[in-house]
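**Student:** Full structure from sequences and hints, please.
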Amino acid sequence: DQQVKQNSPSLSVQEGRISILNCDYTNSMFDYFLWYKKYPAEGPTFLISISSIKDKNEDGRFTVFLNKSAKHLSLHIVPSQPGDSAVYFCAAIPTGTASKLTFGTGTRLQVTL
Amino acid sequence: EAGVAQSPRYKIIEKRQSVAFWCNPISGHATLYWYQQILGQGPKLLIQFQNNGVVDDSQLPKDRFSAERLKGVDSTLKIQPAKLEDSAVYLCASSHRDFTGYTFGSGTRLTVV
Chain X
1 DQQVKQNSPS LSVQEGRISI LNCDYTNSMF DYFLWYKKYP AEGPTFLISI SSIKDKNEDG
61 RFTVFLNKSA KHLSLHIVPS QPGDSAVYFC AAIPTGTASK LTFGTGTRLQ VTL
Chain R
1 EAGVAQSPRY KIIEKRQSVA FWCNPISGHA TLYWYQQILG QGPKLLIQFQ NNGVVDDSQL
61 PKDRFSAERL KGVDSTLKIQ PAKLEDSAVY LCASSHRDFT GYTFGSGTRL TVV
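Residue numbers (the working numbering), protein chains in the order written: chain X, 1 to 113; chain R, 1 to 113.
Just so you know, not all the hints are guaranteed correct.
Some chain R residues flagged as far from chain X (calculated, every beta-carbon gap over 10 Å) [unchecked claim]:
| id | residue |
| --- | --- |
| 1 | ALA2 |
| 2 | LYS11 |
| 3 | GLU14 |
| 4 | TRP22 |
| 5 | ASN51 |
| 6 | VAL73 |
| 7 | SER87 |
Here's a subset of chain X near chain R, in silico, CB distances under 7 Å, partners left out [unchecked claim]:
| id | residue |
| --- | --- |
| 8 | PHE103 |
| 9 | GLY104 |
| 10 | THR105 |
Only pairs whose alpha carbons sit at most 30 Å apart, straight line, appear in this in silico DSS-like list of lysine-lysine [as the list claims (entries may be wrong)]:
| id | chain 1 | residue 1 | chain 2 | residue 2 |
| --- | --- | --- | --- | --- |
| 11 | X | LYS68 | R | LYS44 |
| 12 | X | LYS100 | X | LYS71 |
| 13 | R | LYS11 | X | LYS37 |
| 14 | X | LYS100 | R | LYS83 |
| 15 | R | LYS62 | R | LYS83 |
| 16 | R | LYS83 | X | LYS5 |
Derived from the structure by calculation, the hints contain no laboratory data.
For clarity, every value in this text was computed on a predicted model and none was experimentally measured.
Think of the CB as a built atom: it goes at the ideal place given N, C-alpha and C, for glycine as much as any other residue.
**Tutor:** This is the structure we're talking about:
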């Protein structure tokens, strides 16, 4: 039972354009969401997060949007840069567990010149 | 601040052999996690320690996997005997008690042949 889904396994975007990565979840108990970025042969690194009491969080070029009624979140990268090419994982934490992450399957982003 | 250290980086073993992975978390991090990431999937939590006690091992295949965190610092994860489907990257992560500073190591890539 995949509780966190990333339906696009890959995405290709031109440098300077916007990258939009999507994530859907099924568990209503999730109340904190995170995005991780992973380069080959490295562990995932934290990118940005959002609490369920918010619908938007920004950090520089990265913005995460949360639509609780649709159980959907998205990561926007503007403008996209070649160094953003990596696999992006969406993750969620259920209420009360404090730190147990449930990950999606990942989306490979390629930013082309 | 030093990151989460894992060793070895790569390991190739034959099925039915045993293997052990080591993790040294960030100093002061009370919580330590082992995740399994199979190719094409997101990381899946195997076991979570709080200091030297197990918080969650519900997804650990206990017939072949074992883990310990002696003295509440570093940890080892063992597989005995290994199966072909155990081929994956094994990621260790650590965090403060309340989730802050959640950091992954670079992982150990296990190939079972």
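**Student:** Would you mind marking each hint as holding or not holding in the structure?
**Tutor:** Hints versus structure:
no., hint, verdict
1, ALA2, "14 Å, holds"
2, LYS11, "14 Å, holds"
3, GLU14, "24 Å, holds"
4, TRP22, "15 Å, holds"
5, ASN51, "14 Å, holds"
6, VAL73, "18 Å, holds"
7, SER87, "16 Å, holds"
8, PHE103, "3 Å, holds"
9, GLY104, "5 Å, holds"
10, THR105, "5 Å, holds"
11, LYS68(X) - LYS44(R), "24 Å, holds"
12, LYS100(X) - LYS71(X), "19 Å, holds"
13, LYS11(R) - LYS37(X), "24 Å, holds"
14, LYS100(X) - LYS83(R), "26 Å, holds"
15, LYS62(R) - LYS83(R), "14 Å, holds"
16, LYS83(R) - LYS5(X), "27 Å, holds"
The structure fails none of the hints (numbered hints given earlier).
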